[in-house]
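Chain by chain, the residues run as shown.
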Amino acid sequence: MRGRMWKLAIYLFLLGFILNLLGIVTHVVVSSFAKRWFGKPLPPAFTTDWFTYAWREFELSHVLFITLFIALAVVFIALAIGFPAAYVLARRNFNAKPVLLLLYFLPLLIPQMTYGIPLATTLYGFGVGGTVIGVILAVLVPMVPLAVFILLPFFEQISFNLEWSAQMLGASRLQIFRRILLPLMLPGILTAGLLVLVNTISNFELAFLLAGGGSQTLVVALYYNVFAGGVRPVYSIDAMAVIYMCTVMAVLLVALRFVRPTQMVFRLDGRRN
Amino acid sequence: MRPSRAYAGRGMADSIDKLQMSITKRYGGKVVLDQFPLEIVGREFVTFLGPSGCGKSTALGIIAGLVPPSDGEIHLNGRRIDDVPPEKRGFGMVFQNYALFPHLTVFGNIAFGLSLQKRSSEEIDKRVRDMLGLVRLAGYEDRYPGQLSGGQQQRVAIARALVLHPRLMLFDEPLSNLDAKLRVEMRAEIKQLHTRLGLTSIYVTHDQAEALSLSDRIVVLREGVLMQVGTPQEIHDRPKNVFVADFMGFRNFLDVTLGKEAGGMIEAGFKGQILQARARDSFHPGERAVLAIRPEDVRLGQSGDGVNVLRGKVELVEYLGREQEAEITLDGGARLWVRSHEKIVLGETLDLTLPADKFVLLRRE
Numbered sequence: 001m002r003g004r005m006w007k008l009a010i011y012l013f014l015l016g017f018i019l020n021l022l023g024i025v026t027h028v029v030v031s032s033f034a035k036r037w038f039g040k041p042l043p044p045a046f047t048t049d050w051f052t053y054a055w056r057e058f059e060l061s062h063v064l065f066i067t068l069f070i071a072l073a074v075v076f077i078a079l080a081i082g083f084p085a086a087y088v089l090a091r092r093n094f095n096a097k098p099v100l101l102l103l104y105f106l107p108l109l110i111p112q113m114t115y116g117i118p119l120a121t122t123l124y125g126f127g128v129g130g131t132v133i134g135v136i137l138a139v140l141v142p143m144v145p146l147a148v149f150i151l152l153p154f155f156e157q158i159s160f161n162l163e164w165s166a167q168m169l170g171a172s173r174l175q176i177f178r179r180i181l182l183p184l185m186l187p188g189i190l191t192a193g194l195l196v197l198v199n200t201i202s203n204f205e206l207a208f209l210l211a212g213g214g215s216q217t218l219v220v221a222l223y224y225n226v227f228a229g230g231v232r233p234v235y236s237i238d239a240m241a242v243i244y245m246c247t248v249m250a251v252l253l254v255a256l257r258f259v260r261p262t263q264m265v266f267r268l269d270g271r272r273n
Numbered sequence: 001m002r003p004s005r006a007y008a009g010r011g012m013a014d015s016i017d018k019l020q021m022s023i024t025k026r027y028g029g030k031v032v033l034d035q036f037p038l039e040i041v042g043r044e045f046v047t048f049l050g051p052s053g054c055g056k057s058t059a060l061g062i063i064a065g066l067v068p069p070s071d072g073e074i075h076l077n078g079r080r081i082d083d084v085p086p087e088k089r090g091f092g093m094v095f096q097n098y099a100l101f102p103h104l105t106v107f108g109n110i111a112f113g114l115s116l117q118k119r120s121s122e123e124i125d126k127r128v129r130d131m132l133g134l135v136r137l138a139g140y141e142d143r144y145p146g147q148l149s150g151g152q153q154q155r156v157a158i159a160r161a162l163v164l165h166p167r168l169m170l171f172d173e174p175l176s177n178l179d180a181k182l183r184v185e186m187r188a189e190i191k192q193l194h195t196r197l198g199l200t201s202i203y204v205t206h207d208q209a210e211a212l213s214l215s216d217r218i219v220v221l222r223e224g225v226l227m228q229v230g231t232p233q234e235i236h237d238r239p240k241n242v243f244v245a246d247f248m249g250f251r252n253f254l255d256v257t258l259g260k261e262a263g264g265m266i267e268a269g270f271k272g273q274i275l276q277a278r279a280r281d282s283f284h285p286g287e288r289a290v291l292a293i294r295p296e297d298v299r300l301g302q303s304g305d306g307v308n309v310l311r312g313k314v315e316l317v318e319y320l321g322r323e324q325e326a327e328i329t330l331d332g333g334a335r336l337w338v339r340s341h342e343k344i345v346l347g348e349t350l351d352l353t354l355p356a357d358k359f360v361l362l363r364r365e
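Chains V and Z supply the protein sequences, listed in that same order. Using the working numbering, the first residue of the first sequence is number 1, and each one after it goes up by one. Using the working numbering, the first residue of the second sequence is number 1, and each one after it goes up by one.
Warning: the hint list may mix true and false statements.
[Unchecked claim] Computed Cβ-Cβ distance ranges for the label pairs, DEER-style:
no.: 1; chain 1: V; residue 1: L190; chain 2: Z; residue 2: E141; range: 24 to 30 Å
no.: 2; chain 1: Z; residue 1: T195; chain 2: V; residue 2: V254; range: 56 to 62 Å
no.: 3; chain 1: Z; residue 1: D125; chain 2: V; residue 2: G214; range: 53 to 59 Å
no.: 4; chain 1: Z; residue 1: E223; chain 2: V; residue 2: A96; range: 28 to 34 Å
no.: 5; chain 1: V; residue 1: R173; chain 2: Z; residue 2: P51; range: 49 to 55 Å
no.: 6; chain 1: Z; residue 1: R136; chain 2: V; residue 2: A96; range: 23 to 29 Å
no.: 7; chain 1: V; residue 1: L22; chain 2: Z; residue 2: D125; range: 55 to 61 Å
no.: 8; chain 1: Z; residue 1: D125; chain 2: V; residue 2: V254; range: 36 to 42 Å
no.: 9; chain 1: Z; residue 1: T24; chain 2: V; residue 2: I117; range: 54 to 60 Å
no.: 10; chain 1: Z; residue 1: E141; chain 2: V; residue 2: M113; range: 35 to 41 Å
no.: 11; chain 1: Z; residue 1: G42; chain 2: V; residue 2: R173; range: 28 to 34 Å
no.: 12; chain 1: V; residue 1: G125; chain 2: Z; residue 2: G29; range: 45 to 51 Å
no.: 13; chain 1: V; residue 1: F69; chain 2: Z; residue 2: R79; range: 54 to 60 Å
no.: 14; chain 1: Z; residue 1: G28; chain 2: V; residue 2: R173; range: 23 to 29 Å
[As the list claims (entries may be wrong)] Partial list, derived from the structure: chain Z residues whose beta carbon lies under 7 Å from chain V:
no.: 15; residue: L66
no.: 16; residue: M93
no.: 17; residue: F95
no.: 18; residue: F112
no.: 19; residue: G113
no.: 20; residue: L116
no.: 21; residue: S120
Just so you know, the hints here were simulated from the structure itself, not pulled from any lab data. C-beta atoms are modelled at their ideal positions from N, C-alpha and C, and glycine is treated no differently.
Generate the whole structure from the sequences, applying the supplied hints.
The following block contains the structure:
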């Protein structure tokens with residue numbers, strides 16, 4: 001009896017959650033297609049004008065380009081730094097390792113606002129505040145640790161003996177990297193890349209603190225336009241929110257097409273003696 | 001024996017004549033290998049034998065170049081090689097956990113080294129297929145390591161090393177992960193390959209049976225110190241110290257005080273009784289020593305002349321299939337292990353004869 005009640009409670013909670021989510025999302029979606037919508041369950045007439053309006057007025061093509069550019073740059077740099085860092089952390093044991101891991105972990109634990117403001121002040125001091133480079137640098141602060149922490153267990157799965165045996169077969173460090181580590185790390189690299197990509201696109205605090213006129217990402221632009229309320233028609237803001245949601249969904253879908261998280265953890269020859 | 005077809009192109013010039021070394025390895029303050037000396041000649045099969053943590057795998061790693069020595073030099077055919085990186089030494093190595101590349105097929109694994117050497121695809125194809133035949137895995141080219149049994153994986157690992165015609169083969173406990181039956185089979189296969197291909201091999205193991213059956217020479221190690229080097233027979237029959245004797249299956253160690261020596265025999269006082277053993281140089285009357293004897297060399301019953309007879313009660317009997325091994329408490333309180341085909345009954349009192357020529361006289365440690 002208790003088990004049943006418990007089950008029911010879980011179902012009701014899930015139902016409430018989904019309805020709530022659907023309610024919010026559908027409201028925004030419906031509103032973005034509404035000609036005008038006051039005090040009625042459904043708008044009397046629909047239009048797609050708000051999308052063209054938003055695209056033109058908010059310079060969304062530019063904003064989208066900036067967003068993707070920043071996201072891809074962050075993915076590339078985070079992986080380029082995170083890959084060797086994770087390798088060393090997985091392979092070497094040294095006294096300061098736990099402390100170093102904790103330091104790496106901090107930007108992921110602390111709310112981004114706490115270090116975001118001093119970070120932004122510093123970056124403005126160096127003259128990169130308000131630029132695309134500034135946004136990239138700021139977002140890298142939590143994204144490099146994220147990449148490291150995702151790559152680390154993938155490296156730990158690869159037995160050190162594989163590198164040794166490759167070496168005994170005549171492989172140089174570069175050849176071991178290219179022919180053994182890279183193919184075996186591919187699932188890890190894709191996972192880390194995907195998560196950094198999605199996290200960067202949806203990062204608000206740091207992008208907001210560092211973004212200037214020409215370097216606003218989609219979320220930041222969305223925020224500014226929401227709070228410039230009264231000037232912009234609410235339908236156009238909703239249209240922009242829909243574009244944002246669709247972008248993130250599209251990126252996620254494309255990424256999931258290549259990376260299947262459930263299949264990512266495959267057993268390598270990881271037995272160590 | 002004629003080298004097999006797979007090795008036809010080998011040219012024996014690249015085989016080693018002599019490997020000499022004397023190396024020390026320290027980890028932190030701990031000495032893992034203490035001036036470990038070794039000399040190996042071409043075509044020899046040498047085994048490093050010892051319990052885990054004795055430094056035998058470290059020694060192998062240093063020879064391979066994977067572990068840097070703290071001190072000492074390695075010379076190959078008279079040329080110093082300890083500053084040569086492992087990928088340039090031309091040695092083959094087989095690991096305990098196979099260490100096959102999981103993302104490559106059997107063919108890809110064996111072809112790995114050849115493709116690094118930029119060999120033509122015809123040559124790679126031919127050499128890999130020859131090698132597959134040699135380790136009896138023809139037809140398995142397209143399998144992945146995960147689809148093979150442990151024994152098959154280890155054969156791929158051996159083929160992967162052999163296909164490059166290594167000057168020296170290094171085996172790091174290659175059979176430890178296999179079950180008992182397969183281990184004996186693979187042992188024979190490794191020995192066969194070694195002889196057929198004229199290899200020079202160093203083999204690391206903690207299994208004395210493996211060491212005895214494979215080796216031309218055995219090197220026994222204990223905590224980084226060389227205990228004894230010799231042929232399997234020497235190590236088996238004439239261990240130099242209690243450690244080697246214990247490791248080679250001597251289970252009985254009698255603390256004795258040596259008495260007078262006459263006619264190649266020496267008297268040894270053991271708990272009020274006088275035992276006879278074969279005399280050995282550098283042991284003198286009055287000295288305290290250890291007499292070692294294997295359980296299977298102890299005979300049940302009295303011998304004709306009544307020499308070396310001890311009496312005791314059976315405390316424990318272990319059934320071993322064809323034989324049984326029993327623990328006997330002697331009248332003086334000492335314990336003795338006996339192995340026999342004859343039936344031993346728990347609790348009975350027995351006479352035991354310890355043949356004088358089966359005793360090994362050792363220094364007390």
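Each hint, compared with the structure:
{"no.": "1", "hint": "V:L190 to Z:E141: 24 to 30 Å", "verdict": "holds (29 Å)"}
{"no.": "2", "hint": "Z:T195 to V:V254: 56 to 62 Å", "verdict": "holds (59 Å)"}
{"no.": "3", "hint": "Z:D125 to V:G214: 53 to 59 Å", "verdict": "holds (58 Å)"}
{"no.": "4", "hint": "Z:E223 to V:A96: 28 to 34 Å", "verdict": "holds (31 Å)"}
{"no.": "5", "hint": "V:R173 to Z:P51: 49 to 55 Å", "verdict": "violated (34 Å)"}
{"no.": "6", "hint": "Z:R136 to V:A96: 23 to 29 Å", "verdict": "violated (51 Å)"}
{"no.": "7", "hint": "V:L22 to Z:D125: 55 to 61 Å", "verdict": "holds (60 Å)"}
{"no.": "8", "hint": "Z:D125 to V:V254: 36 to 42 Å", "verdict": "holds (39 Å)"}
{"no.": "9", "hint": "Z:T24 to V:I117: 54 to 60 Å", "verdict": "holds (56 Å)"}
{"no.": "10", "hint": "Z:E141 to V:M113: 35 to 41 Å", "verdict": "violated (58 Å)"}
{"no.": "11", "hint": "Z:G42 to V:R173: 28 to 34 Å", "verdict": "holds (31 Å)"}
{"no.": "12", "hint": "V:G125 to Z:G29: 45 to 51 Å", "verdict": "holds (48 Å)"}
{"no.": "13", "hint": "V:F69 to Z:R79: 54 to 60 Å", "verdict": "holds (56 Å)"}
{"no.": "14", "hint": "Z:G28 to V:R173: 23 to 29 Å", "verdict": "holds (26 Å)"}
{"no.": "15", "hint": "L66", "verdict": "holds (5 Å)"}
{"no.": "16", "hint": "M93", "verdict": "holds (4 Å)"}
{"no.": "17", "hint": "F95", "verdict": "holds (5 Å)"}
{"no.": "18", "hint": "F112", "verdict": "holds (5 Å)"}
{"no.": "19", "hint": "G113", "verdict": "holds (4 Å)"}
{"no.": "20", "hint": "L116", "verdict": "holds (5 Å)"}
{"no.": "21", "hint": "S120", "verdict": "violated (17 Å)"}
In summary, the numbered hints that this structure violates are 5, 6, 10 and 21.
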